[in-house]
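Take a look at the letters that make up each chain.
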Amino acid sequence: MHLTHLNTRGEANMVDVGDKQETRREAVASGRIVMQSETLKLLSDGELPKGDVLATARIAGIQAAKRTHELIPLCHSLALSKVSVEFDIDVAESCVHVTSLCRLNGRTGVEMEALTAVSVACLTLYDMCKAVDKNMRIEAIQLDSKQGGQRGDYQRINAQAPIVTGDGMAGEVSLGERCPSPCVRVKFLAELRERLGESEAVVSLDQLASRDIGGLKAALAERDSRFKQLTDQRTLCAINQVMANDDALVTDDDEVAFFPPVTGG
Amino acid sequence: MDIKLDIKVAIQAAPFSMAYGYDDALAGRSDIGAVVSFTGLVRDFNETPDVTGLTLEHYPGMTERTLTDIGEQAWQRWSLQAVRIIHRVGYLEPGDPIVRVLVASAHRREAFEACDFIMDFLKTQAPFWKKEHSTQGEYWVKERHSDQQDAARWR
Chain A
1 MHLTHLNTRG EANMVDVGDK QETRREAVAS GRIVMQSETL KLLSDGELPK
51 GDVLATARIA GIQAAKRTHE LIPLCHSLAL SKVSVEFDID VAESCVHVTS
101 LCRLNGRTGV EMEALTAVSV ACLTLYDMCK AVDKNMRIEA IQLDSKQGGQ
151 RGDYQRINAQ APIVTGDGMA GEVSLGERCP SPCVRVKFLA ELRERLGESE
201 AVVSLDQLAS RDIGGLKAAL AERDSRFKQL TDQRTLCAIN QVMANDDALV
251 TDDDEVAFFP PVTGG
Chain B
266 MDIKLDIKVA IQAAPFSMAY GYDDALAGRS DIGAVVSFTG LVRDFNETPD
316 VTGLTLEHYP GMTERTLTDI GEQAWQRWSL QAVRIIHRVG YLEPGDPIVR
366 VLVASAHRRE AFEACDFIMD FLKTQAPFWK KEHSTQGEYW VKERHSDQQD
416 AARWR
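Here the protein sequences line up with chains A and B, keeping their order. The first sequence: position 28 = 28 (the numbering used here), numbered continuously. The second sequence: position 99 = 364 (the numbering used here), numbered continuously.
The shape of chain B in the complex, shown without the other chains (with noise of 0.2 angstroms):
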């Protein structure tokens, strides 16, 4: 079973659950020991202070191949048994999540690195970009160079 890949990515642009992707993963097994999972939410506040909302746009077709790609980079470099990735698109306001990763292994160590992995490579390489609605207007959010450093710790 866990030779075989499974991972699954989605892009909508409807809100997803908290408890998104759990169930599926872990289906009819009992050979999983570990699923870590990371949440991305919506701040009130980033480049400015009173952001009100934002519009995140993706490139359709590349993201959902950049996307698989990076799940199955983890999959090569961790022992892992099920990947799911879900990220929205349109408008999301404070508070609405906006990325979830999930992991599922036989061990915890292997879960929280590949997940610490699949964020760090997300966020420098799937291709979205966000747009902040803020009191004082609106502006695309600048690439953060921490995240291009945090990228580069796996290589």
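For reference, chain A alone in the conformation it holds in the complex (with noise of 0.2 angstroms):
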């Protein structure tokens, strides 16, 4: 496997596409927008300061589109033949489905296309949308499917599962919370971040009784009651991923993680 945009000396570079065949090529990227109940209502209703949010946050999705390779460095221009940006209003998740289609007859894909209209006309809505909210978030933009091109077809299975927790993974960045004074962060796993609807949290060593896990775990149980179960022996521990127990100690800026019995292999 190998990157495409460097070359051999590892320089950017734009990928020469002339000898390829023209085959049809089409992407389909999805995201959503989550904002307060109220805010989608308003917007549901056409009662936002600006007007119609959904057909200007389409058609700001569709002349991205277009102009994907004047904000991509190496993306060519390419003569689309589709492109479509659809929202769908979800009440019980309090956010905006966007989903968009490119097609074209070309020799180069169009998951980049699809994206970008997903993106901007995500931050269209979040545009018309924030004299009321400013809490809304963009999330999950991704690539659900795609067909056509030499590397063959590409369908996302599962979207919604997470795969890993944690940083490290190649290519993501980590927006880890920073905290003004020293303080532990702290990272739920697998069924146990399930159960308590938390993926992480941040303890300042002040909040601490004791600075060690048994002082992490009651401070934490303090803060709220589901905490409580963290305390169930079954529920293992790591400090910066060595397993630790209840009497070692946390010092700043540690990763502590909580997670229950391993069951690989």
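Mixed in with the good hints, there may be bad ones.
What the hints assert, rightly or not - Output of the computed footprint for chain B on chain A, the stretches with three or more beta carbons under 8 angstroms from beta carbons of chain B:
1) 13-23
2) 189-202
Said to hold, decoys possible - Listed next, with one range per pair, are the computed distances between beta-carbon atoms:
3) A/Glu-11 - B/Asp-334: 52 to 62 angstroms
4) B/Ala-279 - A/Asn-7: 49 to 59 angstroms
5) B/His-410 - A/Ala-131: 22 to 32 angstroms
6) B/Asp-334 - A/Gln-229: 21 to 31 angstroms
7) B/Ser-344 - A/Ala-209: 42 to 52 angstroms
8) A/Pro-182 - B/Met-283: 26 to 36 angstroms
Hints in this document: simulated from the structure, not taken from any laboratory. The C-beta atom is built at its ideal place from N, Cα and C for all residues, glycine as well.
Quick one: dock chain against chain with the hints and give me the complex.
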């Protein structure tokens, strides 16, 4: 496996697609913007100050897909044969799902165009609604499927399930919280994360009666009674990725993970 | 050569070959007399009868460290010449290889035992978690007492 946008010297490089066969290519990307339920209602009722939000965001997404090559340095400019941007208002999740389909007959894939359309449509939704809601969150922008091209078709499987937790996946940047005072960063993994409904927490060392794992568990349990289940004897713990027990000391900037018994292999 | 640790571990979402590690471990060597490998596959029955797939989560960083540590323990315990461990993460379907351990040694007994040891410790110490998807829904796989007993044999 290699990166086609790097040449043999590792420099950025636009791929020469002149010799590739023209084939029918299609890509579908999606994302969502989460907002307060009141904002979502204003949006669906057409009562936001900037007017028809969805129509504007649709046009913005389509325009953006056509201009992808101006935004992404090594993208070719493509004569798209179709761009669609669709919205699905989800009251239960209090969000708008955005889906884009891009298609062309050509020599290079259209996933960047579909991803750009979704991104810009989400940004436009944000812009149109920000007067009433600053807490909106743009999430889960991803390629769902692509067809055509020499590398074959792609279909995202099981898109909602987390594959990994924690830092360190190649190409991913962790935007972990920084805290001003000495603190520990806590992660909850696998089933424990789902039971707690939390994946991360930051606890200031000042909040710990004793600066060890036992003290950390007590401070979390005080914050919220759900964390009392951390004292279950089958909940395991690691400090900076090394197994630890209740007496193990914690210091500033430690990464502490709590997780259930392991079940690999 | 056999004093230098030759242990490689890999975690990946992509499938791996059933021959993974063999050529790499044996390349340029003629002192290896035995190669034992274990490959674990996804079954279509486990806690429920109709498993359609599973999602494997892990703790990046700690996983690699733990597997290397298990390999080193085996290296100290037996006279080994190569250890290769690969484990998949992400979404897998019944029949997919999920884990493979390969141990090379001068003699078969050491290779058999070290491979068995590595699998027992991988199952009870390496931070992987399986969520099974079945026709009845999805659930996290529970730890098994027999796995703990298997690992305790080596203490």
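**Study point:** Broken hints, by number
**Key:** 1, 3, 4, 5, 8
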